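Could you build the full structure based on these sequences and the hints that come with them?
From first to last, the protein sequence lines are chains A and B.
Just so you know, we're using this note's numbering here: the first sequence kicks off at 1 and counts up by one.
Just so you know, we're using this note's numbering here: the second sequence kicks off at 1 and counts up by one.
Among the clues, some could well be false.
[Unchecked claim] If you only want the chain A side, here are some residues facing chain B, beta carbon under 10 Å, derived: (1) 26; (2) 27; (3) 39; (4) 68; (5) 127; (6) 130; (7) 212; (8) 213; (9) 223; (10) 226; (11) 239; (12) 248; (13) 252; (14) 266; (15) 271; (16) 274.
Rather than coming from a laboratory, the hints here were simulated on the basis of the structure.
Values in this document were obtained by computation on a predicted structure and should not be read as measured data.
Backbone N, C-alpha and C fix where the C-beta goes; we use that ideal spot for every residue, glycine too.
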Amino acid sequence: MHKSGLQLAWHEIKNDWLALICLFLFIGLIAVIYIWAFAIDETVAGRLSMFTMNQAPSSQFPLGTDPMGRCMMQQLVLGARNSLNIAFVVTAGGASIGMTIGLFLGYYAGHVDNIAMRLIALWGMVPFIMMVVILRTLLTIETWFGFSMLLILVGGWLQMSGLVRVMTLQQGRLDYVSASKTLGTPNIVIMFREVFPNLVSIITSGLTLALAGNIGAEIGLTFLGFGLPPGTASLGQQLSYARSPGTMQQRPWQWIPAAVLVLVLMLCINFVGQALNRAADARKRSR
Amino acid sequence: MWKIVVRRLLILIPQLIALSLIVFFLAWLMPGDALRGLLDPSMPPGEMNRMREEAGLNDPWFVQYTRWVGNVLQGDLGRSLQHRVPVTRVIGDNMMNTVRLSIMTTVMLYAIALPLGLLAGRKHNKIPDKVIMLYVFTFFSIPTIVLALLMIFFFAFGLGWFPAMNAVDVRAAFEGGWPEFWSRIHHLILPSMTGAILGGTGIIYFLRNQVIDVQNSDYITTARAKGTPERRVYTHHVLRNALLPIAGGMGASIAAVVAGSLFIERTFTINGMGQLFFDSVLGRDWPVANALIMFYAVVGVVAGLLADITIMLVDPRIRIK
Chain A
1 MHKSGLQLAW HEIKNDWLAL ICLFLFIGLI AVIYIWAFAI DETVAGRLSM FTMNQAPSSQ
61 FPLGTDPMGR CMMQQLVLGA RNSLNIAFVV TAGGASIGMT IGLFLGYYAG HVDNIAMRLI
121 ALWGMVPFIM MVVILRTLLT IETWFGFSML LILVGGWLQM SGLVRVMTLQ QGRLDYVSAS
181 KTLGTPNIVI MFREVFPNLV SIITSGLTLA LAGNIGAEIG LTFLGFGLPP GTASLGQQLS
241 YARSPGTMQQ RPWQWIPAAV LVLVLMLCIN FVGQALNRAA DARKRSR
Chain B
1 MWKIVVRRLL ILIPQLIALS LIVFFLAWLM PGDALRGLLD PSMPPGEMNR MREEAGLNDP
61 WFVQYTRWVG NVLQGDLGRS LQHRVPVTRV IGDNMMNTVR LSIMTTVMLY AIALPLGLLA
121 GRKHNKIPDK VIMLYVFTFF SIPTIVLALL MIFFFAFGLG WFPAMNAVDV RAAFEGGWPE
181 FWSRIHHLIL PSMTGAILGG TGIIYFLRNQ VIDVQNSDYI TTARAKGTPE RRVYTHHVLR
241 NALLPIAGGM GASIAAVVAG SLFIERTFTI NGMGQLFFDS VLGRDWPVAN ALIMFYAVVG
301 VVAGLLADIT IMLVDPRIRI K
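Pasting the structure below:
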């Protein structure tokens with residue numbers, strides 16, 4: 001029986017208990033984080049308090065308090081939500097731009113493709129982190145959304161465009177494309193309605209990688225001080241508490257929970273991604 | 001063979017020209033100009049403008065661009081605004097730490113990845129393979145920062161085996177000789193392990209799949225059929241062919257190691273070029289930051305070049321007649 005890309009992906013995940021657990025754990029975590037963050041009153045949670053600075057975990061503060069006297073538990077939830085917001089926006093935005101560029105280049109191939117690929121390769125030569133750091137310093141960026149846009153523009157679309165381009169180049173040579181052209185179907189329709197569905201499985205596996213990478217990008221950049229505006233809660237901001245050796249040793253509750261949450265999220269994404277990867281590669285598919 | 005190398009080298013020229021344009025454009029975006037480093041409170045008011053005119057900073061951009069390229073080719077990258085010395089000297093002071101870190105990371109990377117990848121491929125679907133794959137997927141996309149922090153927490157503070165920061169012990173550096181050498185190695189183990197553990201995952205995964213593919217090919221069956229001992233099948237037949245793409249990917253992974261050193265240097269407070277980059281951006285020392293971007297990008301370009309040449313050398317099928 002012929003299966004669509006998404007059906008194949010589900011089939012692979014269903015047959016791999018580890019991937020299945022990870023998928024549900026991931027969805028569960030995301031749901032808890034978003035619902036909980038929605039329930040927290042941010043102005044109350046963000047209030048500074050001299051009397052509760054740097055407290056160890058207790059019944060009142062399950063994860064202790066941060067250097068500003070705020071509840072770490074609430075900060076962690078809010079921070080995770082902000083980090084996930086960025087990761088989702090950058091992944092979706094980068095993927096849409098990358099896919100469109102990849103589809104066009106792969107479909108039309110030839111000279112346009114050749115020149116564009118050279119340009120894209122050049123853009124890829126400057127290290128992503130350095131470019132973001134420079135532009136982040138030169139431009140004024142006030143919100144998480146602006147920061148996400150910067151990440152998308154600098155590098156979010158690069159990998160996906162390459163992946164989709166290669167796959168489209170292969171698809172473009174197949175008979176169904178020539179048949180469709182002969183019938184007079186407009187190129188745009190062939191690209192998005194006929195070629196694109198055949199790439200869904202490889203794109204989903206690319207998306208998981210991108211999502212993990214973008215969570216990492218936010219963490220790295222915010223940790224270094226070139227990410228979200230200071231004062232905004234995020235996973236990277238909480239990990240940056242560990243930059244002072246005193247906090248790292250004596251107040252592990254301020255950064256270890258964020259590190260553990262990142263590890264769990266990454267593991268889930270990886271194991272699901274692995275199953276999706278198998279779905280995209282016919283040779284490795286389980287029957 | 002020389003023909004291919006020359007042809008590949010020719011591609012380098014447009015790449016470098018385009019790269020220089022990107023860097024020049026970035027420099028143009030940055031506030032201030034090359035003369036800010038010479039700014040002095042005792043200068044008369046009109047003096048700065050006169051100096052700008054003299055230095056040609058009021059010329060059209062392409063004139064400035066050609067002059068800048070000429071200077072760069074002669075090794076003049078301008079002056080650091082913070083340190084008030086030539087950029088090349090500032091970078092030179094920090095370069096060796098990054099080079100040492102990158103070499104050590106690369107050595108560890110392959111020391112971990114090659115045996116594990118081969119073992120996993122050989123024991124496909126058995127316990128060693130499953131354990132190794134668990135490691136690969138666990139560490140595949142963990143952010144460098146997170147692993148670095150955990151490494152410092154457990155191995156430097158918890159167990160006290162390695163120092164948590166700096167590239168060398170000050171006293172040992174003063175003594176020089178062997179104590180300095182050992183101190184440097186000791187300080188670099190943790191940072192380079194962090195880089196190697198993360199960077200190795202891709203290579204292990206790739207090598208494992210490569211070995212699995214090669215194992216099922218006809219010439220391996222032939223080798224077994226004619227009675228080649230199992231050890232020899234692996235060392236002489238599987239290994240050679242499975243390692244080909246790894247050799248080709250070496251340039252890319254060294255470039256990745258150098259790029260990854262940006263985060264690692266910052267977390268472990270190693271005074272390398274990555275650390276210098278962040279410090280100069282924070283201090284708005286644009287000439288230094290710009291020169292570093294160019295340096296890292298050139299490393300990437302050269303790594304790509306070396307990768308292409310190695311793969312041509314080791315794999316005769318790719319050679320163009």
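Hint check:
Because the smallest distance between the Cβ of residue 26 of chain A and any Cβ of chain B comes to about 13 Å, over 10 Å, the interface hint for this residue is violated. Among the interface hints, the one on residue 27 of chain A is violated; its C-beta lies about 18 Å from the nearest C-beta in chain B, farther than the 10 Å criterion. A least Cβ separation of about 27 Å between residue 39 of chain A and chain B goes past the 10 Å threshold, and the interface hint is therefore violated. The beta carbon of residue 68 of chain A comes no nearer than 21 Å to any beta carbon in chain B, farther than 10 Å, and the hint placing it at the interface is violated.
For residue 127 of chain A, the suggested interface contact is upheld, since its CB lies about 5 Å from the closest CB of chain B, less than 10 Å. The interface hint given for residue 130 of chain A is met, as the beta carbon of that residue sits about 5 Å from the closest beta carbon of chain B, less than 10 Å. Residue-level restraint check for residue 212 of chain A holds (minimum Cβ-Cβ distance to chain B is 4 Å; threshold 10 Å). This hint holds: residue 213 of chain A has a C-beta 6 Å from the nearest C-beta of chain B, less than the 10 Å allowed.
Hint on residue 223 of chain A holds. Least Cβ distance to chain B is approximately 5 Å, under the 10 Å limit. For residue 226 of chain A, the shortest C-beta to C-beta distance to chain B is roughly 8 Å, which falls under 10 Å, so the interface hint holds. The closest approach between the C-beta of residue 239 of chain A and any C-beta of chain B is roughly 6 Å, which is under the 10 Å cut-off, so the hint is satisfied. For residue 248 of chain A, the interface hint holds, since its Cβ comes within 10 Å of a Cβ in chain B; the closest pair sits about 6 Å apart.
Residue-level restraint check for residue 252 of chain A holds (minimum Cβ-Cβ distance to chain B is 7 Å; threshold 10 Å). For residue 266 of chain A, the suggested interface contact is upheld, since its CB lies about 5 Å from the closest CB of chain B, less than 10 Å. For the restraint placing residue 271 of chain A at the interface with chain B, the shortest Cβ-Cβ distance is roughly 6 Å, inside the 10 Å limit, so the hint holds. Annotation: residue 274 of chain A was flagged as interfacial toward chain B, and the flag holds, the nearest CB pair being 6 Å apart, inside 10 Å.
Hints 1, 2, 3, 4 from the earlier list are contradicted by this structure; the remaining hints agree with it.
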